[in-house]
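Quick one: dock chain against chain with the hints and give me the complex.
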Amino acid sequence: MNYQQPDLLDQLTGAYVLGRLRGRARARFERRYAQSAVVRAARHRWEDDFMPLLPSLEPVMPSERVWTEIASRIRHIENPPQSSRRSTRPWRWALAGMLALSLLVGVSIGLLYPPLQAVQSDPPKAYELSAVPRNGQAPVSLGLLPRNLTIQRALSAAQRAALLGANRLAVSLEPLGGSKTGHATGPVLYVADVSSAG
Amino acid sequence: MSLPEPDNDELEALLARCASQDSRALEDLYKKVVPQLLAVLLRLLRTRDRAEDALQDVFVRIWRQAGQYEARRGWVLAWLVSIARYRAIDLQRSQKQSVPLDAIEEPAVPAVRPESSLTQRSLERCLELLSGDQRHCLVLAYQQGLTQDLIAATTGHPLGTVKSGARRALLSLRRCLES
Chain A
1 MNYQQPDLLD
11 QLTGAYVLGR
21 LRGRARARFE
31 RRYAQSAVVR
41 AARHRWEDDF
51 MPLLPSLEPV
61 MPSERVWTEI
71 ASRIRHIENP
81 PQSSRRSTRP
91 WRWALAGMLA
101 LSLLVGVSIG
111 LLYPPLQAVQ
121 SDPPKAYELS
131 AVPRNGQAPV
141 SLGLLPRNLT
151 IQRALSAAQR
161 AALLGANRLA
171 VSLEPLGGSK
181 TGHATGPVLY
191 VADVSSAG
Chain B
199 MSLPEPDNDE
209 LEALLARCAS
219 QDSRALEDLY
229 KKVVPQLLAV
239 LLRLLRTRDR
249 AEDALQDVFV
259 RIWRQAGQYE
269 ARRGWVLAWL
279 VSIARYRAID
289 LQRSQKQSVP
299 LDAIEEPAVP
309 AVRPESSLTQ
319 RSLERCLELL
329 SGDQRHCLVL
339 AYQQGLTQDL
349 IAATTGHPLG
359 TVKSGARRAL
369 LSLRRCLES
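Chain order of the listed sequences is A and B.
Terminal number for the first sequence in my numbering: 198, no gaps in between.
Terminal number for the second sequence in my numbering: 377, no gaps in between.
Same shape as in the complex, but just chain B (with noise of 0.2 angstroms):
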């Protein structure tokens, strides 16, 4: 199943409703947006439960912030799916959340489609131009927030080399995305 991307215009304004309490703006956001939200949150959270509860946590932030959306910046989306993924890294942090080995899941790394928006074939491009190991860290990080010890005991690479790999990933793929 998916959804059509929800249109940025639609959701800047949606969220200059709600900086203006009009909480019926807030309910039409959460429609739009909580199926995406609630998937980012269960692949960092795990289980239902949690990632249900940060999701409350996380359009009360929205609600509060709402006016503080910066709108050159342009992505309404990224802002809101940065507000789930910070939540969730907290929850982890604090909840001090262990993931058995067996139960990381595949990333699901974007493949290159023709379809896609411009924004994404570049990151896409990008990301082809990493080694194998590097990608899948760097997808396996943003998806599941796992951590690079995590990282280097699933893959049997030593810390030291996930850690080097993954600070040249970072430089290869902001030069890839600025040409």
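With the rest of the complex left out, here is chain A (with noise of 0.2 angstroms):
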């Protein structure tokens, strides 16, 4: 597709860096961005290429009360009010890439969910699991999870990042492979929070 091909994925990225791709489009490029080192390397090499454009621009000095605002709020992130002291990264596993999540899912789902081969389902589905970013974007597939709900997987880079810059994980239903718009399509069977150093 046009991933595989150099030219096209330099039309591509070179397209989304300056802000062309939409919709759909743009959905399966930020999935591609994520799965792909190859991608992630295009668009990189746009972002450094471009940037000589950005002396042209007078700069600008900001209100004082942007600095207030930006501080208040990692102050909030660093100490959440949910805890008195700084967690130690309860994710790191997750940092040597590993997604072990077979007690916290498949425990909560078996508890909360028939078994998914006992789901007579036509179209077949599936259950994918993604992460949640606190900030406000889109959630990041982490991927299908098999039927006995058990899944260890190692993530790509922008999964990790995902991982950890997600207040929960949700668990969608979807067509068999997967949501193919990069966004659950099927309702949301499952929500954890999660708590992380920020």
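Hints may contain errors.
Which stretches of chain A does chain B cover? Using the computed rule of at least three CB atoms under 8 angstroms from a CB of chain B, they are [said to hold, decoys possible]: (1) 13 to 20; (2) 31 to 37; (3) 57 to 67; (4) 157 to 171.
Using 20 angstroms as the maximum straight-line C-alpha spacing, the simulated DMTMM-like pairs for lysine to aspartate or glutamate come out as follows [claimed, not checked]: (5) LYS229/B / ASP7/A; (6) LYS361/B / ASP7/A; (7) LYS229/B / ASP207/B.
FYI, nobody ran anything at the bench for these hints, they're computed from the structure.
Note that the Cβ used here is the ideal one computed from N, Cα and C, for glycine as well.
Written out as structure tokens, the structure reads:
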């Protein structure tokens, strides 16, 4: 597809960096960016190459309140109200690139929902796991959950980043093969709050 | 008014400290780069209020993502600018920002200057190879986030022409930059 041919990849990536991709094409690009080191390299190359357009803009000093607001928001991140001391990265194993959610997801889903193979559905469905960023951006797919709901997989750099930046994990019911749009299209069956160092 | 280009090594060191939750480092980083980031956001979002709101989001995002900066890229400022630009593009979309045609500023096209850095000279040299229209469209898109529809409307060219011109421009630019 377009992502395999270098010229077309460059055109697509350049278009993304210039803000020209919309809707489905944009969502598709963001998914490929998360999945592919080649796509990431192409985007970073354009970002670096266009950078010299920047000095042509007259620098502008912000008002004082901007830093005050930023400082207050990051203080909140560092010291979330529900914990009195900073947590020490409960997702250390995520940093190692492996996601082992069998206890959390398997037990919870097993208790709340019937096993997937017991669900009669036509067309066939799958459970898809997403990290929901706390900054309000779109959820990032971490992959499909197999039928036994035990998952252990290496995450891409972008997926690890999404996991670390997430305050929730969500499981949605998707068509077999996962959501085509990069976002949950089916019902969200389960949401877990996640606490981390921020 | 022009500021000295922030030193890339300094910016990397500040980012590393941000990744270790050193908020003083974020403040130092802010002082070094915020005037340029605000300029970028103003061009894209047009009003001071929207640009300054976005600026807060951008620095909070920088704070959260400082540990993800890939040092081999070598251009901390490009990474910071990208965060700002994508945030602004998201806001343009979600706020369905419309731009009155007479409010579109002329793009600030870099002139070829002898004192430019090597990377800057490459881009300038390669931009010169494009047609005036292609160059104009590309710079307007990057600096102001103008969509091709709007560019077609302001230049009077058919949208199809603008789009195929834009694709050729990117291809030409990439080939030139690689040579």
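How the hints compare with the structure:
no., hint, result
1, 13 to 20, "holds (count 6)"
2, 31 to 37, "violated (count 0)"
3, 57 to 67, "holds (count 10)"
4, 157 to 171, "holds (count 4)"
5, LYS229/B / ASP7/A, "violated, 39 angstroms"
6, LYS361/B / ASP7/A, "holds, 16 angstroms"
7, LYS229/B / ASP207/B, "holds, 16 angstroms"
When the structure is compared with the earlier hints, violations turn up for hints 2, 5 and for no others.
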